[in-house]
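> Once you have looked at the hints, place chain X on chain U.
Each chain, written out:
Number of protein chains: 2
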Amino acid sequence: MVDFSDVQRAASVLDGVAHKTPVLTSKTANEKFGAQLYFKCENFQRAGAFKFRGAYFALSQLSEDQRTRGVLTYSSGNHAQALALAGKLFGVQIVVIMPSDAPALKVAATKGYGAEVILYDRDETSREALGSQISAERGLTVIPPYDHVDIVAGQGTVAKELIEKVGELDYLMVCAGGGGLLSGSSLSAKKVSPNCKVIGVEPEAGDDICRSFRSGQLETCHNPETIADGARTPSASELTFSIIKQNVFDMLSVTDSTLIACTKFYAERMKIIVEPTGCLSLAALWENQLDVAGKKVGVIISGGNVDLATLAEFWNS
Amino acid sequence: MVDFSDVQRAASVLDGVAHKTPVLTSKTANEKFGAQLYFKCENFQRAGAFKFRGAYFALSQLSEDQRTRGVLTYSSGNHAQALALAGKLFGVQIVVIMPSDAPALKVAATKGYGAEVILYDRDETSREALGSQISAERGLTVIPPYDHVDIVAGQGTVAKELIEKVGELDYLMVCAGGGGLLSGSSLSAKKVSPNCKVIGVEPEAGDDICRSFRSGQLETCHNPETIADGARTPSASELTFSIIKQNVFDMLSVTDSTLIACTKFYAERMKIIVEPTGCLSLAALWENQLDVAGKKVGVIISGGNVDLATLAEFWNS
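Those sequence lines, one after another, are chains U and X.
Residue numbering for the first sequence is 15 to 331, as defined by the working numbering.
Residue numbering for the second sequence is 15 to 331, as defined by the working numbering.
Next comes chain U alone, as it looks inside the complex (with noise of 0.2 Å):
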């Protein structure tokens, strides 16, 4: 299991070689939800989203023979590129197991920082029994997005950084995809602001989570049609929803308009590139789904990795 003498020591490791993301404020968002808002940066992360955290922290617990025979994954996209740069710092080849519809930009930087690419077809394939494949063949050692205690330490690092910043918070907004990031903070709000309560959310049609989180056990979505490219996974993990069940207050579901909504107000008013499922976490507020009427509010941004030509699709629609 992990807990948050985890996420210390991965905090420990990342001293130094993770950035400690700004934390920006809106008076604009302020006025608007009648709150405070942190939004905590980590589309300013390197490699542009919060999966560096869990990459490299993982990367660092492997062996020395581990590491010579090299590392493969399984991504969407963030943490495929995440885990290629770790590999580059760390001397370690990474190999990547992709969706042919990942967004060109993704796919592009992932090879950029060294990584060999496999694509696969998403409605054919299913990426863990490729991924076991190759991995057996070649010696690999596997390191899921998020199925794996030392990424959920390594992701928790943010929540982590956040409140010890601005102080204890009464609510957390998380973007949820795998719930990696989601499980990790909670952990994180947990120990370091005890009253704080941690929100996730999900897009409507990749909703897993908000239903597991109903049902009390693990749901599945197949392809979920949605703009929140990195919340398209099929259903949290056993590791990360046990976590979830015992830490998360609730788990809220948001449209993809919504999203695109907030995409343009992270450009227009605070001036900042957001990716739509780093906009997961403020389109909750957006929809008034949670009164948060003089409340301190957490709000996590999760990347910034979108093809520009897309944004400005959305901000044309």
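One thing to keep in mind: the hints can contain errors.
No copy labels: a pair is met if it fits in one copy or bridges any two.
Think about it this way: if two alpha-carbon atoms lie no more than 25 Å apart in a straight line, the pair counts; the simulated BS3-like pairs of lysine-lysine are [to be verified]:
#1 K34 - K310
#2 K179 - K34
#3 K41 - K102
#4 K310 - K204
#5 K125 - K278
#6 K310 - K46
Hints were generated in silico from the structure; no laboratory data involved.
Below, chain X alone, put in the same frame as chain U:
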């Protein structure tokens, strides 16, 4: 006249009022130029640009009587918004004379802060003449966008903050319109980083300060055609030019297509929205006009107020 002690006074007044904007770094940019770049992000300043600093400080220096009567200014946009916001904070009525082709976002934001906006035709009227007439009629104090000692002192706090944060610099790249930011920056650099070469950058079509710098006397541009709308000023003022002549190392000019490339770079790689005028400082490096290899370089990003539709057009072109 104005000197660094005025910048220090401005910094005290602005403490706790203006944002101490973040300084970002980019591994990609450092590798591209073989240098260490420090981006001072005034696009995150209140009202979206450095202009708030000068505007607020200038208002703070008025007498009670002047504040009661109100203030007038003329501006292509960012100074107008900044003064309107500062006016709101001080409870001072602001009248703004704006060109009729100013970006819609800037006009709306200025009105949103409670200012009265009077539009004029750039091709038919001199804003200074119109400004004098209206201010005389209504007893308003004129606070122009750059030809004012308190404005220069306020803008000088940007470079002061940057250098105090990252240490002495070899070069400081500064966007130049009327020369308020540039002259203020040069005063600060001279004091807190005496060996730093300050470089002013203008759009090619509006290269009046470049030409003035070579000829030694104030040259003008009539309504230059450039997407850098904040640098469409006809000329520097005697005040700003005299400071620039004495303290600035060189003046460079760049093309609009380079400014577009820089808006893309900032969005894609650094995840920030920068308006075309705010890209001037980086654009001179982008055009390889300066050998900064191995050097420590400050890059002031002046602002981020740009219509998203305009950006989307740039990115599709």
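> Now look at each hint and say whether the structure bears it out.
Hints, verified against the model:
Proximity of K34 to K310 under the C-alpha cut-off of 25 Å is found in both arrangements, the shortest distances being 21 Å within a copy and 21 Å between copies. For the identical chains of this complex, K179 and K34 are neighbours both inside a copy (10 Å) and across copies (16 Å), given an alpha-carbon limit of 25 Å. Proximity of K41 and K102 under a CA criterion of 25 Å is satisfied inter-copy only: 14 Å between copies versus 40 Å inside one chain copy. Proximity of K310 and K204 under a CA criterion of 25 Å is satisfied intra-copy only: 16 Å inside one chain copy versus 42 Å between copies.
Only between protomers do K125 and K278 lie at most 25 Å apart by alpha-carbon distance; the minimum there is 21 Å, versus 29 Å within a single protomer. When the C-alpha separation of K310 and K46 is checked against a cutoff of 25 Å, the pair qualifies only within one copy, where the shortest distance is 14 Å, while the shortest distance between copies is 40 Å.
Checked against the numbered hints given earlier, the structure satisfies every one of them.
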